[in-house]
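S.K.: Here is what each chain is made of, one letter per residue.
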Amino acid sequence: MLEMRINGFGGQGSVTLAHLLAQAALENGEQGQALPFFGVERRGAPVRAAVRMSPTTIHAHSQCELPDYVVVMSEKLTEAAVSEGISEIGTVIINAPHAVAVQKYPTWHVDADAIAHEAGLFSADGPLINIPLFGAVCRVLNIPQNIMEQTIMNKWPGNGERNLDAAGKAYNTVTQISVKRAVSA
Amino acid sequence: MKAAQVIMDTGTHAAALAVKSARVDVIPGYPITPQTSIMEAIAGMVENGELNARFIPVEGEHSVLAAAVAASAAGARVFTATSANGLLYMHEVLHMASGGRLPVVMCNVNRGVFAPWTLWADHQDSFAQRDTGWIQYHCSSNQEVFNTILQAFRVAEQINIPVMVNFDGFAISHCLMPLTLPPQEDIDRFLPPHKPEWRLDPANPSSFSNVTMAAEYATFRQLLSDDIMASIPMVKQAAQEYKEITGMWDGDTIDTYRLEDAEVVAFAVNSMAAELRLSIDMLREQGIKAGLLRPRLYLPFPTEDIISALPKNAQVMVLDRNYNYGHPGGILASELKSVLYGRRNDITVKNRVMGIGGIDLTRRFMASEIRAMMDE
Chain A
1 MLEMRINGFG
11 GQGSVTLAHL
21 LAQAALENGE
31 QGQALPFFGV
41 ERRGAPVRAA
51 VRMSPTTIHA
61 HSQCELPDYV
71 VVMSEKLTEA
81 AVSEGISEIG
91 TVIINAPHAV
101 AVQKYPTWHV
111 DADAIAHEAG
121 LFSADGPLIN
131 IPLFGAVCRV
141 LNIPQNIMEQ
151 TIMNKWPGNG
161 ERNLDAAGKA
171 YNTVTQISVK
181 RAVSA
Chain B
1 MKAAQVIMDT
11 GTHAAALAVK
21 SARVDVIPGY
31 PITPQTSIME
41 AIAGMVENGE
51 LNARFIPVEG
61 EHSVLAAAVA
71 ASAAGARVFT
81 ATSANGLLYM
91 HEVLHMASGG
101 RLPVVMCNVN
111 RGVFAPWTLW
121 ADHQDSFAQR
131 DTGWIQYHCS
141 SNQEVFNTIL
151 QAFRVAEQIN
161 IPVMVNFDGF
171 AISHCLMPLT
181 LPPQEDIDRF
191 LPPHKPEWRL
201 DPANPSSFSN
211 VTMAAEYATF
221 RQLLSDDIMA
231 SIPMVKQAAQ
241 EYKEITGMWD
251 GDTIDTYRLE
261 DAEVVAFAVN
271 SMAAELRLSI
281 DMLREQGIKA
291 GLLRPRLYLP
301 FPTEDIISAL
311 PKNAQVMVLD
321 RNYNYGHPGG
331 ILASELKSVL
341 YGRRNDITVK
351 NRVMGIGGID
361 LTRRFMASEI
371 RAMMDE
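Chains A and B, in that order, give the protein sequences. If you use the working numbering, the first sequence corresponds to residues 1 to 185, in order. If you use the working numbering, the second sequence corresponds to residues 1 to 376, in order.
Among the hints, a few may not be true.
[As the list claims (entries may be wrong)] Coverage of chain B stretches by chain A, computed from C-beta distances (three or more under 8 angstroms per stretch; other residues unrestricted):
1. 171-178
2. 271-281
[Claimed, not checked] Residues from chain A shown here face chain B by an in silico Cβ test under 10 angstroms; the list is partial:
3. Phe9
4. Ala22
5. Asn28
6. Gly32
7. Ala34
8. Phe38
9. Gly39
10. Ala45
11. Pro46
12. His61
13. Ser62
14. Gln63
15. Glu65
16. Leu66
17. Ala80
[Claimed, not checked] Away from chain A, derived, C-beta distances all over 10 angstroms, residues of chain B:
18. Val6
19. Asn85
20. Pro116
21. Arg189
22. Leu259
23. His327
24. Arg371
Simulated from the structure, these hints should not be mistaken for laboratory data. All C-beta atoms in this analysis are idealised placements derived from N, C-alpha and C, irrespective of residue type, glycine included.
Let the sequences and hints guide you as you build the complete structure.
M.R.: Encoded structure:
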């Protein structure tokens, strides 16, 4: 079972990102689960969501305490997100304008803000970064690009062009910036 | 024959889709977190014509259940949903539904009770309704919520007792998971239209639940007590027939995992019991013969099935997500001990309270708690 935690700020679309990823698992022939943590939601407050993927039935219903992947929707949250817990062999995926390395953990970098800007994906809260992040995470998890595209088309039938564009760009530009692994004691 | 459809949806939407599949006639509703999205989804289905039913928005939960009681007495198939303090506010009318022998089905999305406020799950709300004469299921997955609502209508309408279908707020209610929807024709075969033996009818006036003298009152109460016990074979039959028609099985009165040769048995309900399967696997990897017994029915308490399922000399670790105020520990442990007394003296029962107000119950935490309880 693959476990992931998304750390973001309220309004960045982490719930939709979690839903898209769980849906992509199903499209990819696996089981998927999206379990956002609902607190007292406020725009700009730190939020998190759990995502699980597995070839067999998922019985877990807790938040992911030691996930295999941590998705950081804003660079400012990097330290807090990693310190919330990550598997010893975990991987971090960060949205930032420049490459940010996290000590001990292999890290992937994508500039989701720039990609959303370029694709013209905005809401009242700013750029819709969850769409490029969806593309980037699919790439890191080796989910085929056509499965990623199918998931977007199913979610927004007939209205997915810019989403496809942004997710595809992130899929093809997300970059691994460090491969140093933790040495377990 | 049409094939089942697999979608991704939340626990609350699974409940709403079951209500639609059950062809419910009347749904009174009032919002309360985390139940609200059930009512929102049903109101939407009624509005857009997907569900041919009457949705009645009222001013509070006491009135919700009063409207449900009235609609059920008029012969309708009735559903509603609530959580925590909404359920507590219904308490008086819960008795009216069961005493009036009205087969209402209600979801309670478990949430800790006020004061202080919490939004997240524990099981104080449903267990506090123990003595109201309702049948109570507790579900551990989105799919089980869907399946159980359909089974609940079957049982309720067979024995004329209301049924509460409980599941955890957020961990299930707001969790997006795969959900298998059997073809409607299969559901119609499992759950035929509701044909009450008696109903309130303005064309043929009669009185209902009038003042009774002691002997009559006592007879009604005895019948309710006897019939709740008599519902156990119906619960089993509903689960079995549902399996034959849809291929899906969540257990009947109980659900077990790796129990046959277990020396240490975890005993818990709802989503924590799903997560406990992973704790059991972890304990087995450590060489501990662990297993799980999950009562799917809380009421009637599945005494005989528990007694026959527990392996000889097992240590039972009851993990309660509630308090049994005035007693040490939780309510499930107290119930279990009372049915084992004098019948299974080989069993040791240990108990811990955990997960109150939604404290996250991870597989690692519960495995380590069980490990620690073994040394107590």
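S.K.: Next, verify each hint and record whether it holds.
M.R.: Hint check:
Counting residues of the segment 171-178 of chain B whose beta carbon lies closer than 8 angstroms to any beta carbon of chain A gives 7, which reaches the threshold of three, so the coverage claim holds. Counting residues of the segment 271-281 of chain B whose CB lies closer than 8 angstroms to any CB of chain A gives 6, so the stated coverage by that chain holds, three being the minimum. Look at phenylalanine 9/A: its Cβ only gets to about 19 angstroms from chain B, farther than 10 angstroms, so that hint breaks. Given hint, alanine 22/A at the interface with chain B, holds; its Cβ is 5 angstroms from that chain's nearest Cβ, closer than 10 angstroms.
Interface restraint check for asparagine 28/A: the shortest CB-CB distance to chain B comes to about 12 angstroms, outside 10 angstroms, so the restraint is violated. The beta carbon of glycine 32/A comes within 7 angstroms of a beta carbon in chain B, closer than 10 angstroms, and the hint placing it at the interface holds. Because the smallest distance between the Cβ of alanine 34/A and any Cβ of chain B comes to about 4 angstroms, under 10 angstroms, the interface hint for this residue holds. A least Cβ separation of about 6 angstroms between phenylalanine 38/A and chain B falls short of the 10 angstroms threshold, and the interface hint therefore holds.
Evaluation of the glycine 39/A hint against chain B yields a held restraint, the C-beta minimum of about 8 angstroms falling below 10 angstroms. A least Cβ separation of about 15 angstroms between alanine 45/A and chain B goes past the 10 angstroms threshold, and the interface hint is therefore violated. Taking 10 angstroms as the C-beta cut-off, the interface hint given for proline 46/A is violated, the closest approach to chain B being about 16 angstroms. Of the supplied interface hints, the one on histidine 61/A holds, with its beta-carbon coming within about 4 angstroms of a beta-carbon of chain B, less than 10 angstroms.
Taking 10 angstroms as the C-beta contact cut-off toward chain B, the hint placing serine 62/A at the interface holds, the least distance being around 4 angstroms. For glutamine 63/A, the shortest C-beta to C-beta distance to chain B is roughly 5 angstroms, which falls under 10 angstroms, so the interface hint holds. Residue-level restraint check for glutamate 65/A holds (minimum Cβ-Cβ distance to chain B is 5 angstroms; threshold 10 angstroms). Against a cut-off of 10 angstroms between C-beta atoms, the interface hint on leucine 66/A holds, since the closest Cβ of chain B lies about 8 angstroms away.
Because the closest C-beta pair between alanine 80/A and chain B is about 17 angstroms apart, greater than 10 angstroms, the hint is violated. Against chain A, the non-interface label of valine 6/B is violated: not every CB pair exceeds 10 angstroms, the least being about 7 angstroms. With a cut of 10 angstroms on Cβ distances, asparagine 85/B stays outside the contact zone with chain A, its closest approach being about 17 angstroms. Every C-beta of chain A lies more than 10 angstroms from that of proline 116/B, the closest at about 13 angstroms, which supports listing it as non-interface.
With 10 angstroms as the threshold on Cβ separation, the claim that arginine 189/B sits away from chain A holds: the shortest Cβ distance comes to roughly 26 angstroms. Interface exclusion of leucine 259/B from chain A stands, the closest Cβ pair being 15 angstroms apart, more than 10 angstroms. Consistency note on histidine 327/B: stated as away from chain A, and its beta-carbon is indeed over 10 angstroms from all of that chain's, at 28 angstroms minimum. Against the 10 angstroms criterion, arginine 371/B stays outside the reach of chain A, whose nearest CB is about 17 angstroms from its own CB.
In this structure, the earlier hints numbered 3, 5, 10, 11, 17 and 18 are contradicted, and the remaining ones agree with it.
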